[in-house]
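Engineer: Listed below are the residues making up each chain.
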Amino acid sequence: MEYFIQQLVNGLTLGSIYGLVAIGYTMVYGIIGMINFAHGDIFMLGGFAALIIFLILTSFFVGIPVALLLLVMLIVGMLMTGLWNWTIERIAYRPLRGSFRLAPLITAIGMSIALSNFIQVTQGPRNKPIPQLVTDVYHIGALTISLKQILIVVITAILLAAFWFIVHKTPLGRAQRATEQDRKMAALLGVDVDRTISITFIMGAALAAVAGAMYLMYYGVASFNDGFIPGVKAFTAAVLGGIGSLPGAVLGGLLIGLIESLWSAYFSIAYKDVATFGILAFVLIFKPTGILGRPEVEKV
Amino acid sequence: MATGTTMTSNTASNMAGDTLLKVEHLSMKFGGLMAINDFSFEARRGDITALIGPNGAGKTTVFNCITGFYKPTMGMITMRQKNGEEHLLERLPDFDITKKAKVARTFQNIRLFSGLTVLENLLVAQHNVLMKASGFTILGLLGLPAYRTAAADAIEKARYWLEKADLIDRADDPAGDLSYGAQRRLEIARAMCTGPELLCLDEPAAGLNPKESLTLNALLRGIRDEGTSLLLIEHDMSVVMEISDHVVVLEYGQKISDGTPDHVKNDPKVIAAYLGVEDDEVEEIEEKLDKGVIEEGTV
Numbered sequence: 001m002e003y004f005i006q007q008l009v010n011g012l013t014l015g016s017i018y019g020l021v022a023i024g025y026t027m028v029y030g031i032i033g034m035i036n037f038a039h040g041d042i043f044m045l046g047g048f049a050a051l052i053i054f055l056i057l058t059s060f061f062v063g064i065p066v067a068l069l070l071l072v073m074l075i076v077g078m079l080m081t082g083l084w085n086w087t088i089e090r091i092a093y094r095p096l097r098g099s100f101r102l103a104p105l106i107t108a109i110g111m112s113i114a115l116s117n118f119i120q121v122t123q124g125p126r127n128k129p130i131p132q133l134v135t136d137v138y139h140i141g142a143l144t145i146s147l148k149q150i151l152i153v154v155i156t157a158i159l160l161a162a163f164w165f166i167v168h169k170t171p172l173g174r175a176q177r178a179t180e181q182d183r184k185m186a187a188l189l190g191v192d193v194d195r196t197i198s199i200t201f202i203m204g205a206a207l208a209a210v211a212g213a214m215y216l217m218y219y220g221v222a223s224f225n226d227g228f229i230p231g232v233k234a235f236t237a238a239v240l241g242g243i244g245s246l247p248g249a250v251l252g253g254l255l256i257g258l259i260e261s262l263w264s265a266y267f268s269i270a271y272k273d274v275a276t277f278g279i280l281a282f283v284l285i286f287k288p289t290g291i292l293g294r295p296e297v298e299k300v
Numbered sequence: 001m002a003t004g005t006t007m008t009s010n011t012a013s014n015m016a017g018d019t020l021l022k023v024e025h026l027s028m029k030f031g032g033l034m035a036i037n038d039f040s041f042e043a044r045r046g047d048i049t050a051l052i053g054p055n056g057a058g059k060t061t062v063f064n065c066i067t068g069f070y071k072p073t074m075g076m077i078t079m080r081q082k083n084g085e086e087h088l089l090e091r092l093p094d095f096d097i098t099k100k101a102k103v104a105r106t107f108q109n110i111r112l113f114s115g116l117t118v119l120e121n122l123l124v125a126q127h128n129v130l131m132k133a134s135g136f137t138i139l140g141l142l143g144l145p146a147y148r149t150a151a152a153d154a155i156e157k158a159r160y161w162l163e164k165a166d167l168i169d170r171a172d173d174p175a176g177d178l179s180y181g182a183q184r185r186l187e188i189a190r191a192m193c194t195g196p197e198l199l200c201l202d203e204p205a206a207g208l209n210p211k212e213s214l215t216l217n218a219l220l221r222g223i224r225d226e227g228t229s230l231l232l233i234e235h236d237m238s239v240v241m242e243i244s245d246h247v248v249v250l251e252y253g254q255k256i257s258d259g260t261p262d263h264v265k266n267d268p269k270v271i272a273a274y275l276g277v278e279d280d281e282v283e284e285i286e287e288k289l290d291k292g293v294i295e296e297g298t299v
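Chains as they are written, first to last, in our numbering: chain A, 1 to 300; chain B, 1 to 299.
FYI, nobody ran anything at the bench for these hints, they're computed from the structure. Be a bit skeptical, because a hint or two may be false.
Claimed, not checked - 20 Å max Cα-Cα, derived EDC-like pairs, lysine to aspartate or glutamate:
1) A:Lys-169 / B:Asp-18
2) A:Lys-169 / B:Asp-172
3) B:Lys-29 / B:Asp-225
4) A:Lys-184 / B:Asp-96
5) B:Lys-71 / B:Asp-18
6) B:Lys-71 / A:Asp-136
7) B:Lys-100 / A:Asp-194
8) B:Lys-71 / B:Glu-90
9) A:Lys-169 / B:Asp-153
10) B:Lys-164 / B:Glu-251
Please construct the entire structure, taking both the sequences and the accompanying hints into account.
Structural biologist: Written out as structure tokens, the structure reads:
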């Protein structure tokens, strides 16, 4: 039983990270109907931003408190990654808006390759390790929970709450939801649609940056191709939960995290990705819009 | 018979400085088709101006040019606001037509945000005011008093229009759940929440039953009396004749008549356009009118 709960905790931690990245996919899809394949690499970029800030802070301010270090890592990382994604949207996606549907998709794939190669060239192809920042571990019976895991889950929960508040309770969120439903009409009511889309990219990137920083903290290494497999899994999470649905993205992320850790624990670790994508295929056969996705209502 | 004189006298009074919207030499070409050909008219402040014409005359195209949906091939559309500011609508990006030039519109086929609630639909229309007050969201998240007042004002304004449109008890329902007539009224209320000086309505009475049509007329008159001018496209002649102050008739992309409802009603060209007669028959009808064979105002 403890073993099972232990795996639940591990799965939840991993799932939080996937969930945060999945929100970026689902938001961009919701608002402009495009799959931003470069989002996984934005997540990787967020990890590197955190790494660089960590190195700068620890070499210039020796003995900086860990809590402050983490806070600066997260906030500056969010700003930097947000700026990156804003730029990408501005130069690579916006000019193609209104072009045929596949054009932005192809650019996104190109952008993804460009970003990971850029990091490979500038940061080197080897894994970049960082020392353990948070080492406290709590034992409850046979259960081991690290402070790291608690932090990841708590930070995710706080961000999700803030994010939910922005989308549902602020004029900005209202504009985003209106743009999602009818872009032209939103513009006619005075909503600056281009700016709203830009902000959506920035928000998605900020969440991915936090996920990247936490991934770095959890595994202790950053690598230029980190964007690929976790990126695809987060995308899977968005599809599983129902692409376009925000609670769906979080639910999908948690499910993928749980499936992965439980499968590794009870069956075979080598086949964990097979299990994840197998379940995705299974869900999509019976519920093509995902778990929480709105079914397409055909108007007669 | 008084066509010439009435038109010139109208044009003269338009020049008096009370012009709100001035469309000059508007032309719109789709490939080889000239949808609008050198069309000019003016809408005065405080008037309900109706744009009528047979199907395919180009009315909606004119609307689309005014509200930034199409960029016209040629011509100039000037919007003069109360404070004297002038905007060339064909040069503004679409969201600025509402934000800066203060022109709002509704559509022939309803375009509400059906997934948002009725109230939220009205709040989206006040986006710019709220965005500014919330310091582009950042200050709003901190709950500053200035933002709270702005938010309360926005809800108050929404409530006002919901009452006008008789939708107050549906405020928290998804807009998509409303009946057709209620959706039409909500669309007008939403357009009014942008605080427009000119409201363009594309066939507001289409598909309404007579009772709903009456409610609509009252709503439109109420809007005019509060100082917003209206420009409407309408097929239902009874609506047009009853509520409009000024009628412009369009056929094949060209203006064929312009004046008061009474004037337009008796214009042989208009009668011909609606009855669908050949050009040479227009003269016949004119003669008949003079002789009194056709009663004036029967069409």
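Engineer: So which hints don't hold here, by number, going up?
Structural biologist: 1, 3, 5, 6, 10
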